[in-house]
Structures are given as structure tokens and as C-alpha cells.
Amino acid sequence: MIEARGLTKRYGSRLAVDDLNFRVAPGVVTGFLGPNGAGKSTTMRMILGLDRPTAGTVTVDGRSHRRAASPMHEVGALLDARAVHGGRSARSHLLALAQTNRIGARRVDEVLGMVGLSDVARKRSKGFSLGMSQRLGVAAALLGDPQVLMFDEPVNGLDPEGILWIRTLMRSLAAEGRVVFVSSHLMAEMENTADHLIVIGKGRLVADCSITEFIARSSGVAVLVETPAPEALARAVTAAGGSVTREPEPGRLRVQGLSEAEVGGVAFAAGVPLHHLAAAKVSLEQAFMELTADSVEYHAALPVA
Amino acid sequence: MATITAGTSRPQAAPVLSVRGGIAGTLRSELTKIRSVRSTYWTMLLLVLAGVAWAVADCAGEAAHWAQTAPLDKANFDPTQSSLVGLALIGQLIIVILGAIVITSEYGTGMMRTSLSVMPRRGVLYGAKAAVLAAVMLAISLVTSFASFFIGQYLLRSTHETATLSQPGVLRAVLLTACFVTVSGLLAYGLGAILRSTAGAISAAFALLFLLPQLAKALPNTWNADMVRWLPGGVLVSQITATKAGSAVPHMFSAWGEFAVVGGYAAVLLVVGALLFSRRDA
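Chains P and Z, in that order, give the protein sequences.
In terms of the working numbering, the first sequence opens at residue 1 and continues consecutively.
In terms of the working numbering, the second sequence opens at residue 1001 and continues consecutively.
Simulated from the structure, these hints should not be mistaken for laboratory data.
The beta-carbon is built from N, C-alpha and C at its ideal position, and this holds for glycine as well.
Hints should not be assumed to be uniformly reliable.
Partner residues are not named here, just some residues of chain P that face chain Z (Cβ under 7 Å, in silico) [what the hints assert, rightly or not]:
id, residue
1, G49
2, M72
3, D80
4, V84
5, L95
6, L97
7, Q99
Take these sequences, add in the hints, and give me the full structure.
Structural data, given as C-alpha cells:
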């Protein structure tokens, strides 16, 4: 289990991570979400003991990674797939890592097989595609058969096959009872992989809950209706306790706070004809945008249509 | 697609690293690292070639002009120095490349973060890296030093002024030259840990070993004489390789003294590097 308490990191005057408190539990895939620059990578580096917190602590199984008795068995991490010496062969790279923790060459060959790199084990990693580098990084993370796995933006730049591979891998690692902590700035990716979410924006904790809870909490379920008399329907819905927002298409309204049946009933009672009535599932992407709208570090100027 | 899980076949029970276990494993790891990149071999080859080539040029040249050499120069001629000074001079500048890149290449590629996450005890990693580097540099420097000496003496045989290892100071000069080259490499390693950039560390090492002694020449003579013995490069290579009073450099410390000067610079840089290595964010 990963546990952060009051975790804070300041670079000069910039607060990269601001008083984070969270726990990452085993057995599920935990997504670590936030816009670019939110402090995800900094947090992961602090978990690994690479960066020192300005305040607070973060522990893996109750102790700082810097004091791990068997570092590779405790945490396996893939922070940056390209962060290898390109002149070294895949096998030598893994062997050098394994030897520090007295892991044998047999295990090196085993993980090379697991990630499908046996055929290029003796090739220099300089010539590897991003997908192959990613597999090499995963092999390094798996070497020590770790209880905690961390992946920083693992699907960035991967082709669909690579994305599927990583996703399947993370799910199976979690199913084996491990802690799987994956960062991403893409909500859609997490929707398909994560069970639990830790969302941060500008270094601060925004949400720590299951995916379903996250969606429900941020927007709730909405009902989309289309009517030739939107004004009348909006009045009736508001009177019944719902809230209404106009959709871009003429005659379309988004209703929140009422169920589909309630909206239908209100319309019938008010004598407003409906052309369309359906529940709209709020996507994770939308929920995330709403939740972190105030905490995005770099706003793009939106083109005015 | 194959199912991939880490647990399909569990490796041996996770070893618990005592500090000592961590050191042994990390030494082996660093040896694997240094052996598995080409730059190590290129630098070593360059060191051997440059050292030997200089010895050949120097000694063959002396032998060719021996008949025209003035008697006083003949009396002061130091065949040991003639065969070793090139290695000391050029080897010092070549070895800093190896010393620096062993650590800066890990920063350049981002490998350092991986290295530190699998071996979070920073002192162990820093020390193991330095120890393996020192052993590799010492081995290749000794080979080059002895090769330069014997090849040089062979080329000087027509002068009948050749040195043997049993003569006073000769073995000391051969060994000290190798140690001096090694210590210069460690100095660059310390600079690499401090600057974390290949170009920065190599430039700084060149400035310290090569540029500074050149600049000191611009000083008034008396100042230069007082100053130059404290510098880690330049004319000190003559002192380290000298075996005769006539070939020694005036105003300098003894060969051992000058070696201690270089060692002092290296020690300070290694310690500062170690402190920064264990304190800074990686």
C-alpha cells in the first residue's frame, strides 16, 4: 500500500504538490489523474525516493522507499520508457538493474520473455520503437516481482495494440492482488482501466473515489430532452426542482436533478410535447473537465467560433 | 496475445538486502554497466594507443638524434620519463572522458532515476560506481604504463641509456603514472556528479588540468613557480615520471608530493559530488 500524508513539494516559489493525503490500495487499478503539470510525476518521484518532499511523507508498506529492504521487490516503476542508455542491450540493461538486488540472470530472461523481447534481448535499445522501449520498461518494473507497480503515462505515444497490451497487463497485475498506480492526463484511458481514481489539480487533491462515484459526484446523471416549446418546459422543470441548461441545438435542453420518468411526468402535466427524452451518461472526460476547470495550470485560449 | 503477469513463475524469494549485500550486488551491477557500453572500450583503446604512440615517438626520436645530443643533455636524459610522460600528459586528458561519462551519461539519458529507484541507498550507488570505475581505470592504466615503458626502453636500446624496473625510482614512476591517470579520472567523476552534464564535466576537467596550468604561465615567474606545484595538471606530469635529479622540475614537490596534490583535488571533488549526490533530487 502507498500512503501519502501531507505530501508537499515546492520548487522555488512554485508549489508542485500541495498537502496531498491519499492511500493506494492493492487489488485494484488506481488511476492518478490530473491535467499536465498537476504534480503527478513529482508525486511518483517522491514515492520512489527520487525527490525529497518539502513537507509530509509518503511510504510504501509503511516505510520510505529509501529504506526499503528489498527495493525491487517492493516497488517496480516505469516512469519514462526512453530513460535507458541506448548503447546498452536490453538484456544488459535489465541484468545491471537485477544485480543490485541480487536477482539472477534467469529472472532477466524470464521477464524478457514475458514482455516479448526475447528475440531482441541482445540488441542495443537505441534502435527500439517506443512500443519496444515501453515493453523494456515494463520488464524492468516486473524484475523484482514487486507488490507495488507504478506507471507514469504508460500509453503515451503507443499504438492501439500497445495500449491494449498495457491495459491488460495492469488489470492482471491488480487481479493478482498487487497495488497498481497509473497516472494519466487522459480521462478516456482511465475509464477503461481504472477502478479507483485519485484526481489532482495544481498539486491539490480534487477527488479520491471510485470511477462511478466520481462521475456521479461531479455532475450527476442528466436527462436530455427535445421539445418545440423549450421555454415552457424549462419553467415547468425548474418549478419541479430540476435545473436546466440549454444545449447548442435549438429546442434541446439538459435537465439535472430529475429522473427520466420525472421529466416525462412534468412535461405531460404542463402539456408540453416532447420529441426526444433520454438519459445522458456523463463521460469521465466531461466530469474531469468540470472538476479540474479551476485548477488547470496552462489554459489554451479557445478560438471564438 | 500472450497473457502477461508478473507472477506466472515467481522468482526466488525476494532477497532482503543488508547494506553489505547491497554493496556486493551494486558493484556487480556497475561492472555490468561499464562493460556493456562501447564508449568504455573506445576510451580505453584511445588511452592505450595515445600512451604507446607518444612513447614510441619520444623514445624513437631520442634514439635517432642520440649522436647529435649534447653531453650535458645526455647526462640529464631520463629514459623512464621519456617513455611515460606522454601517457601522463595525454592519458590524463583522455581518462577524464571515461570518468565523467560513467556518471553523466546516466543523467543525460534519465537512467539515473531508474538506477536510484532500484538502489535507493545513494551512498552505495555512488561508491560502487566510483570503485568499479577506479578498478577499470587502474587496470587499463597499468597495462598502458608498463607497455609504454617497455616499448620505449626497447626503442632506446641503441643509446645504451635504458632503464630497468630495478633501478631506483623506475618502478615507482611506472606505477605512479598509472595511479595518476586513474586519480585524474576520479576527479572527473566527482565533477560529473556535481555538474551532471557530460559536456560540463569534461570542460571543467580540461579547464582544471590543462587550461589552468597554461594560464599560470602568464603569471610573473616567481609567482608561477610558487603556484604551479599546487595545480593538478601541466608540468607536474614531468615531475611524476622523473627518476633523476636532472629530469626533475625545479620548485615542485616530489613525485609523491605532486601525486598527493592531484589526489587532494580528486578527493575534494569526490566528497562534494557525494554530498550533492545524496542530497539533491534525482
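Broken hints, by number: Result: no hint breaks.
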